[in-house]
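Undergrad: If you're matching positions, the sequence shown starts at 16 in the working numbering and goes up one per residue.
No lab work stands behind these hints: they were computed from the structure.
Heads up, a few of these hints could be off.
Unchecked claim - Okay, the calculated beta carbon distance ranges per label pair:
(1) Ile164 with Ala45: 19 to 25 Å
(2) Arg66 with Gly194: 20 to 26 Å
(3) Pro30 with Arg139: 14 to 20 Å
(4) Leu41 with Met89: 22 to 28 Å
(5) Trp142 with Ala45: 32 to 38 Å
(6) Arg97 with Leu147: 16 to 22 Å
(7) Pro30 with Gly183: 19 to 25 Å
(8) Asp58 with Arg166: 32 to 38 Å
(9) Pro91 with Pro206: 29 to 35 Å
(10) Met89 with Leu147: 19 to 25 Å
Stated by the list, open to error - SDA-like mimics (lysine to any residue), calculated; alpha carbons at most 20 Å apart, straight line:
(11) Lys34 with Ala60
(12) Lys34 with Ala67
(13) Lys34 with Pro206
(14) Lys34 with Pro59
(15) Lys34 with Arg192
(16) Lys34 with Arg182
(17) Lys34 with Asp58
(18) Lys34 with Pro64
(19) Lys34 with Pro149
(20) Lys34 with Thr207
(21) Lys34 with Gly63
(22) Lys34 with Leu62
(23) Lys34 with Arg66
(24) Lys34 with Thr61
On a predicted model such as this, the values are computed, not experimentally measured, just so you know.
Where a beta carbon is used, it is the ideal one built from N, C-alpha and C, also for glycine.
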Amino acid sequence: MTTLTIGLLSDTHIPHRLKRLPDAVLNALAGVDLILHAGDVDDPATLGPLRAIAPVHAVRGNVHLQDLSDGGAMLPSVVELRLAGLRVVLTHGHRPGLLGFCLKGRDMVAQRLGLTDNGHLNRRTVWRLVRLYPEADVIVFGHSHRAHIERVEHTLLVNPGAVCPTRGERPTVARLRLGAGRPQVEIIPLPTPLTFDVSRLTSHTTRR
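Modelling step: build the complete structure from the supplied sequences, incorporating the hints.
TA: Written out as structure tokens, the structure is:
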């Protein structure tokens, strides 16, 4: 059976919150066979350095009014792949449309009040995604800016975390290995500080 090493990343937010893709990301993903970007690319042109490493699949993220960003709306909302004999789903993980926008606002208020955190958002997203994609073997998502790995019955769910620095969360990417037994995931912390636009970071609280 074919063995694949897949680079995973999400929430790069270039050029609104990061000026460019940090070298540490490219180093962490060097040598992979495929790269999956789980949304909030913002400017798809910034995927070029990743494509120099391996083929890239990327999905759109959510709207960020504070950045005047549509999250990469020209990208697909979901990508479904067959890799090493497994069904892999790539999606950002947010709820789309007006409902999702309203829920994002509610979550932002709740987080500011200390009533929730990114871990809670991950758990809530996991259960929604396994209902949406019951046949998936692996689901890759982002959105929360916190890395997360969880298995629900036969489905492995992976959030590689965010490349964009966020208060309270260390930037991370991940490597996923498929084809040799059960899928294996390695979360890779990125060194801080990264190259980023300080003016955007200092006014930024985790967006959902």
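Undergrad: Each hint should be assessed against the structure and marked as holding or not.
TA: Consistency of the hints with the structure:
1. About 22 Å separates the C-beta atoms of Ile164 and Ala45, a value consistent with the hinted range of 19 to 25 Å.
2. In this structure, Arg66 and Gly194 meet the distance hint of 20 to 26 Å, their C-beta atoms being roughly 23 Å apart.
3. Separation of Pro30 from Arg139 is about 30 Å and departs from the stated range, judged on CB atoms against 14 to 20 Å.
4. Range check, Leu41 to Met89: about 23 Å between beta-carbon atoms, so the 22 to 28 Å window is met.
5. Distance hint check for Trp142 and Ala45: the Cβ-Cβ separation is about 34 Å, which falls inside the suggested range of 32 to 38 Å.
6. Under the hint 16 to 22 Å, the C-beta atoms of Arg97 and Leu147, about 18 Å apart, fit the expected range.
7. Our hint of 19 to 25 Å for Pro30 and Gly183 holds, since their Cβ atoms are close to 23 Å apart.
8. Asp58 and Arg166 have their C-beta atoms about 34 Å apart, which keeps the hinted 32 to 38 Å range intact.
9. Between Pro91 and Pro206 the C-beta distance comes to about 32 Å, which sits within the given range of 29 to 35 Å.
10. Here the CB-CB span from Met89 to Leu147 is close to 22 Å, well matched to the stated 19 to 25 Å.
11. Between Lys34 and Ala60 the CA atoms are separated by roughly 13 Å; this keeps the pair inside 20 Å, and the hint holds.
12. Distance hint between Lys34 and Ala67 is fulfilled; the C-alpha atoms sit about 19 Å from each other, no more than 20 Å.
13. About 16 Å separates the Cα atoms of Lys34 and Pro206, which keeps this hinted pair within 20 Å; it holds.
14. Between Lys34 and Pro59 the alpha-carbon distance is near 13 Å, which keeps this suggested pair within the 20 Å criterion.
15. As the CA atoms of Lys34 and Arg192 are separated by approximately 30 Å, the hinted pair breaks the 20 Å bound.
16. Pair hint Lys34 plus Arg182 holds up; C-alpha atoms about 18 Å apart against a cutoff of 20 Å.
17. Among the hinted pairs, Lys34 with Asp58 is consistent with the structure: their alpha-carbon atoms are about 11 Å apart, no more than 20 Å.
18. Taken as a hint, the Lys34 and Pro64 pair is honoured in the structure, with Cα atoms around 14 Å apart against an allowance of 20 Å.
19. Simply put, Lys34 and Pro149 have alpha-carbon atoms about 38 Å apart, too far for the 20 Å limit, and the pair is violated.
20. Straight-line distance between C-alpha atoms of Lys34 and Thr207 comes to about 15 Å, which keeps the hinted pair within the 20 Å bound.
21. Of the supplied pair hints, the one linking Lys34 and Gly63 holds, its CA atoms being roughly 14 Å apart against a limit of 20 Å.
22. With a C-alpha separation of about 13 Å, the suggested pair Lys34 and Leu62 falls inside the 20 Å cut-off, and the hint holds.
23. Restraint check: the Cα-Cα separation between Lys34 and Arg66 comes to about 18 Å, which is no more than 20 Å; the hinted pair holds.
24. Of the pairs offered as hints, the one joining Lys34 and Thr61 holds, with about 10 Å between alpha carbons and a cut-off of 20 Å not exceeded.
Violation of the numbered hints given earlier is confined to hints 3, 15 and 19; the remaining hints are satisfied by the structure.
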